[in-house]
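**Student:** Top line first, the protein sequences correspond to chains L and V. The numbering used here runs 1 ahead of the 1-based position in the first sequence. The numbering used here runs 1 ahead of the 1-based position in the second sequence.
By construction, these hints were calculated from the structure, which means they are not laboratory data. Note that the structure is a prediction, hence the values are computed from the model and not measured. Ideal Cβ placement from N, Cα and C applies to all residues, glycine included. Careful, some of the hints might be misleading.
Computed spacing ranges between beta-carbons, pair by pair [said to hold, decoys possible]:
| hint | chain 1 | residue 1 | chain 2 | residue 2 | range |
| --- | --- | --- | --- | --- | --- |
| 1 | L | PRO13 | V | GLY118 | 21 to 31 Å |
| 2 | L | PRO13 | V | PRO172 | 47 to 57 Å |
| 3 | L | GLY129 | V | MET371 | 23 to 33 Å |
| 4 | V | ASP270 | L | PHE42 | 38 to 48 Å |
| 5 | L | TYR11 | V | LYS296 | 29 to 39 Å |
| 6 | V | ASP126 | L | GLY120 | 13 to 23 Å |
| 7 | V | ASP126 | L | LYS126 | 18 to 28 Å |
| 8 | L | ASP75 | V | GLY56 | 17 to 27 Å |
| 9 | L | PHE42 | V | GLY118 | 30 to 40 Å |
These are the residues of each chain, in order.
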Amino acid sequence: MSEDTKEEIYRPDLFVTDGSGTRLVGGCCKKCSYHTFPKYFACPNCFSDEIEDVLLNPIGKLHAFTIVRRSMPDYPVPYGLGLVDFPTNFPSAVRVMAQIESKDLENLQTETDMKIVIGAVRKNKDGGDIKSYKFARS
Amino acid sequence: MRDVYILGVGTTPCGRFPEKGAHILGREAAWAAIQDAEINPRDIEIVFCGHVYQGMGVGQRTLKEIGLVGQPVINVEGACGSGTLAFWESWRSIAYGQFDIALALGVENLSKVLSGGPLPLDEEDIEVALGMGMPALYAMRAQRYMQEYGVTSEQLAKVVVKSRKHAAMNPIAQYRKEITIEEVLDSPMIADPLTRNQCCPVGDASAAAVLCSGDLVKKLAKKQPVKVLGCVAQSGKYASAEKLTCDPSENVTRTSRLAYEMAGLGPEDMDLAEIHDAFSIAEMIVCEALGFCEKGAGFRLIDEERTSLGGDIVVNPSGGLLSRGHPVGATGLLQTAEIVWHLRGEAGDRQVEGANVGIIETMGGAQPAMDGITCVVSILGT
Numbered sequence: 002m003s004e005d006t007k008e009e010i011y012r013p014d015l016f017v018t019d020g021s022g023t024r025l026v027g028g029c030c031k032k033c034s035y036h037t038f039p040k041y042f043a044c045p046n047c048f049s050d051e052i053e054d055v056l057l058n059p060i061g062k063l064h065a066f067t068i069v070r071r072s073m074p075d076y077p078v079p080y081g082l083g084l085v086d087f088p089t090n091f092p093s094a095v096r097v098m099a100q101i102e103s104k105d106l107e108n109l110q111t112e113t114d115m116k117i118v119i120g121a122v123r124k125n126k127d128g129g130d131i132k133s134y135k136f137a138r139s
Numbered sequence: 002m003r004d005v006y007i008l009g010v011g012t013t014p015c016g017r018f019p020e021k022g023a024h025i026l027g028r029e030a031a032w033a034a035i036q037d038a039e040i041n042p043r044d045i046e047i048v049f050c051g052h053v054y055q056g057m058g059v060g061q062r063t064l065k066e067i068g069l070v071g072q073p074v075i076n077v078e079g080a081c082g083s084g085t086l087a088f089w090e091s092w093r094s095i096a097y098g099q100f101d102i103a104l105a106l107g108v109e110n111l112s113k114v115l116s117g118g119p120l121p122l123d124e125e126d127i128e129v130a131l132g133m134g135m136p137a138l139y140a141m142r143a144q145r146y147m148q149e150y151g152v153t154s155e156q157l158a159k160v161v162v163k164s165r166k167h168a169a170m171n172p173i174a175q176y177r178k179e180i181t182i183e184e185v186l187d188s189p190m191i192a193d194p195l196t197r198n199q200c201c202p203v204g205d206a207s208a209a210a211v212l213c214s215g216d217l218v219k220k221l222a223k224k225q226p227v228k229v230l231g232c233v234a235q236s237g238k239y240a241s242a243e244k245l246t247c248d249p250s251e252n253v254t255r256t257s258r259l260a261y262e263m264a265g266l267g268p269e270d271m272d273l274a275e276i277h278d279a280f281s282i283a284e285m286i287v288c289e290a291l292g293f294c295e296k297g298a299g300f301r302l303i304d305e306e307r308t309s310l311g312g313d314i315v316v317n318p319s320g321g322l323l324s325r326g327h328p329v330g331a332t333g334l335l336q337t338a339e340i341v342w343h344l345r346g347e348a349g350d351r352q353v354e355g356a357n358v359g360i361i362e363t364m365g366g367a368q369p370a371m372d373g374i375t376c377v378v379s380i381l382g383t
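Only chain V is shown next, with the shape it has when bound in the complex:
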């Protein structure tokens, strides 16, 4: 297996851009990544484009705007993990020697699909047909978790307070205004115990990364290249009542263990993390699954501010899905760009000092009696 590096990243801001189609957002991010990498666009040999709701041929529709035609374009769908699944595809196409330079792209314009409320899900899914949306699913996870581990609503709200504080320093974040525990808890209840401010917003954005092989990195890199130390994609297993609670922790645990193994590192080596906090409860569950603390201790990381800027394992310095935003297919590459900026020392006011290794976790979708659809974990280092 060959070494793979990230040469450049680019993103649009996150927000509501109903007038900008996915291909308009996508061309901006793809072009920014190519400019950041300082390569000739013609050298890109393959593109993987992650999205969920953007229709047929969105990758090709986007890339024709910037002259990138002819080379293979693969559109990738893996629910909320689509962006990082496109990154994983790009990584493996280089790691296993088929190509030398790839573009990983994620695009989503959700404003064109819905004005607000829960994501539209497939009604062939019996749980969806019976009234399950993603907020309701996470609400049940939260209810059980709070009961099992004695966690309070205020502790859940602190996840959002930290998220907004970080996002206030992120120029591309969708929600950049700081918030109090009271404001989080006083926002309208969506599904008990989750209030609106504990749910990620509907938003639009695109993000991209240019990857290249270790063989070419010395020749091509104009800036500090970032090495992909580990990159693993998995899908959910059957979630049985015997073994699991109703949370995605088995999938995240399994995927991250494989990524740590590939990198030859452990959770204690991570300086920062960008994780899938679609709802406040998710950050606690995912921190535990990634091994940052024991099961049931995720709320203590928040209470002790260990995951805040200045802490020993900074989680979601971007503001995460809750505040930077969650334009579903673009999310994984927004997370990737954030880690790259920190590793290069380009993250401005929210820079994690001395960041050498960062981890990215994306979790996608739900299925009856399954532990999520997609999970992708990447570990990046300088």
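Bound conformation, chain L alone:
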């Protein structure tokens, strides 16, 4: 790995970090307030194209997970992968998939409260980390 390897961020538009932590940026329909992640061009519920950015709830619940032990090139294994439901007022939750950051993947359990963190998700062609949003136990 060369010294000038730069850290890359995948889709920095999908999350924001401030003093209180990291939150995912989804879409919310101005007409019917249906939430999605990521933001779509038109609302899946009412077809309005007036969609605004919305910060998803900082904490969601783990719906399902796996430990990936064989993967595509550039993805160091093993890593956790999960589906997390973030509560919204409409629909009841938005389900998001991402990697799980944990030193204790073997003991993951569904319904655990999960937060968003930033961490390495894969390698770039120079061997440097590409980082993005991940889940971690809250």
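Chain V: place on chain L using the hints.
**Tutor:** Structure of chain V alone, referenced to chain L:
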């Protein structure tokens, strides 16, 4: 809407054939289907060619090898459902009166694309970019399903044991050696709880079917024709956390209900099924979605051997995707050929006795927050 019949089917074996391009595999299957139908190839008015990774003009590239030039050739892509989507296109082009004779073809040489591991997916898809492959997606489905319904790893493994047992009797299957529960579970873990033997292999093959209108079937049919009783294609809807678990059951349920309605039949009328068991867990989820049992009871069908040869609803007598193989674009037409052989009584040692009606289900692809990309369900009868 007009009646549509299958006059003939043909396939190559399933396996690793890196030296045979898709067009070489494709010409063998297309020619075999034409020979089986005993028609003049020149009478084919339109061809639909399903594939995923075979590049520009693969249908035309294939058909020029057997003199089938000039007529329209439409290349069709619908992820793992590409083959049956080509079949659906062929069916509707005849059912709605535009053509009388069509060839549905599916081709794939995956060995030229990858040596092993998960299928290459589109990195514009954020979940793929973050590390989701198809095995990982099905692994999460399996994890949640096992927890919700109290299913064990041994029960998941039994799907593979049954699949290999069936495939051992199928001369075109990729994996023809029987296997034990222990061997399934002891193979390397790919994504917990799915071991390698619970994932379909990388493979190459082609399969084809010749379809014709009810108006011409008496004149053209040399063998017992097989009637298309129902044929429906749908795509996935938004999968919300509120309504769905992370499985493709809504899409399969919706598509199969429409196909049953078209056929005027129900799940209880099916004698056999060829379904999309890309991973062990998929067979349980799909059996439930097709209405063979209640939600969460799919593992009991396996435990009670109701889906094994000799059972009341035989599932994947070919060995399915897990053992016959899953050359993605060809899969749907391999499934179709298998059902046709059983309905004609030509399936050899694995023949389902007295098979009158069979169902084919193919499920393709994944998208963030969507319930699969493509689902095609066909019901065939004598």
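**Student:** It remains to establish, for every hint, whether it holds in the given structure.
**Tutor:** Here is what the structure says about each hint:
1. PRO13 (chain L) and GLY118 (chain V) have their C-beta atoms about 29 Å apart, which keeps the hinted 21 to 31 Å range intact.
2. Taking 47 to 57 Å as the suggested C-beta distance range, the pair PRO13 (chain L) and PRO172 (chain V) conforms, at roughly 54 Å.
3. One distance hint, 23 to 33 Å for the beta-carbon pair GLY129 (chain L) and MET371 (chain V), holds here, with the actual separation near 32 Å.
4. Separation of ASP270 (chain V) from PHE42 (chain L) is about 43 Å and conforms to the stated range, judged on CB atoms against 38 to 48 Å.
5. Hint check: TYR11 (chain L) to LYS296 (chain V), Cβ distance near 36 Å, so the stated range 29 to 39 Å holds.
6. Judged by the Cβ atoms, the range 13 to 23 Å given for ASP126 (chain V) and GLY120 (chain L) holds: they are separated by roughly 20 Å.
7. Separated by about 20 Å at the C-beta atoms, ASP126 (chain V) and LYS126 (chain L) satisfy the suggested range of 18 to 28 Å.
8. Checking the proposed 17 to 27 Å range against ASP75 (chain L) and GLY56 (chain V) shows it holds: the Cβ atoms sit about 24 Å from each other.
9. Hint check: PHE42 (chain L) to GLY118 (chain V), Cβ distance near 33 Å, so the stated range 30 to 40 Å holds.
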